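Asks: Go by the hints and put chain B onto chain A.
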Amino acid sequence: AQKITQTQPGMFVQEKEAVTLDCTYDTSDPSYGLFWYKQPSSGEMIFLIYQGSYDQQNATEGRYSLNFQKARKSANLVISASQLGDSAMYFCAVLGSARQLTFGSGTQLTVLP
Amino acid sequence: KAGVTQTPRYLIKTRGQQVTLSCSPISGHRSVSWYQQTPGQGLQFLFEYFSETQRNKGNFPGRFSGRQFSNSRSEMNVSTLELGDSALYLCASSPLGRESQNIQYFGAGTRLSVL
Numbered sequence: 039a040q041k042i043t044q045t046q047p048g049m050f051v052q053e054k055e056a057v058t059l060d061c062t063y064d065t066s067d068p069s070y071g072l073f074w075y076k077q078p079s080s081g082e083m084i085f086l087i088y089q090g091s092y093d094q095q096n097a098t099e100g101r102y103s104l105n106f107q108k109a110r111k112s113a114n115l116v117i118s119a120s121q122l123g124d125s126a127m128y129f130c131a132v133l134g135s136a137r138q139l140t141f142g143s144g145t146q147l148t149v150l151p
Numbered sequence: 008k009a010g011v012t013q014t015p016r017y018l019i020k021t022r023g024q025q026v027t028l029s030c031s032p033i034s035g036h037r038s039v040s041w042y043q044q045t046p047g048q049g050l051q052f053l054f055e056y057f058s059e060t061q062r063n064k065g066n067f068p069g070r071f072s073g074r075q076f077s078n079s080r081s082e083m084n085v086s087t088l089e090l091g092d093s094a095l096y097l098c099a100s101s102p103l104g105r106e107s108q109n110i111q112y113f114g115a116g117t118r119l120s121v122l
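Residue numbers (this note's numbering), protein chains in the order written: chain A, 39 to 151; chain B, 8 to 122.
Some clues are possibly wrong.
Reference excerpt, derived from the structure (chain A facing chain B, CB under 8 Å, subset only) [to be verified]: (1) Y88; (2) S112; (3) A136; (4) Q138.
If you want the footprint, here are the derived chain B segments under chain A, 3+ residues with CB under 8 Å [said to hold, decoys possible]: (5) 22–31; (6) 61–72; (7) 81–90.
Just so you know, these hints were derived from the structure itself, not from any lab. In this text, all values refer to a predicted model and were calculated from it rather than measured experimentally. Glycine included, C-beta positions come from ideal geometry on N, C-alpha and C.
Bound-form chain A, shown alone (with noise of 0.2 Å):
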């Protein structure tokens, strides 16, 4: 079985400034993939970064980059210089052997003008 903890509900930002969204997992996989999505107030899911079980380096994709420790199973997302149109609900998932993804229960952000 797998979980994803997202402890912060909610989250505020001022813009242009750094945010970090925290992630917990746990999973009896050996191998395993993190990753994180954006869910606007339109409903659709979008894709933001992937960080592999086995990948050395940290993921980074333009703005977002994936801070991912490991031994103490974490995989927290920081946004560097926010934008308005960054206000949304960010997922956090883990995808196992058993080929499904595992959500947490999200992280409402807002960016503040």
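Replies: Just chain B now, with coordinates in the frame of chain A:
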């Protein structure tokens, strides 16, 4: 390249009816997964199809079923609708690859309301 397309976007049904939702994956993707999202339960996995075969199923009653066609398009069906089936239903497609690397790309979802 077109993304994942889900139709219809919105649906209103009454209790006891049945409903069919459609999903067209990204061209070349052969795996299609379905998820249900509700305020109370969050995002939950329904099932996954690959090459017209259901490979994995979540913990949902038999009223929830699906299928995949030879062109990888998928449908899910819910029979005897209940009020609790009101949800956003999301479809995701992914390419072949090492299992844990299969990035799932989602459609915009179908919002089902059961009255």
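Asks: Decide, hint by hint, whether the structure agrees.
Replies: Tested hints:
Taking 8 Å as the C-beta contact cut-off toward chain B, the hint placing Y88(A) at the interface holds, the least distance being around 6 Å. With a least beta-carbon distance of about 18 Å to chain B, the hint placing S112(A) at the interface is violated under the 8 Å criterion. Proximity of A136(A) to chain B holds as hinted, the smallest CB-CB distance being about 6 Å (cut-off 8 Å). For Q138(A), the interface hint holds, since its Cβ comes within 8 Å of a Cβ in chain B; the closest pair sits about 4 Å apart.
By the rule of at least three residues with a Cβ nearer than 8 Å to a Cβ of chain A, the coverage given for the stretch 22–31 of chain B is violated, with 0 such residues. Counting residues of the stretch 61–72 of chain B whose CB falls under 8 Å from any CB of chain A gives 3; the rule of at least 3 is met. Against chain A, the stretch 81–90 of chain B contributes 0 residues with a C-beta closer than 8 Å to a partner C-beta. That does not satisfy the three-residue criterion, and the hint is violated.
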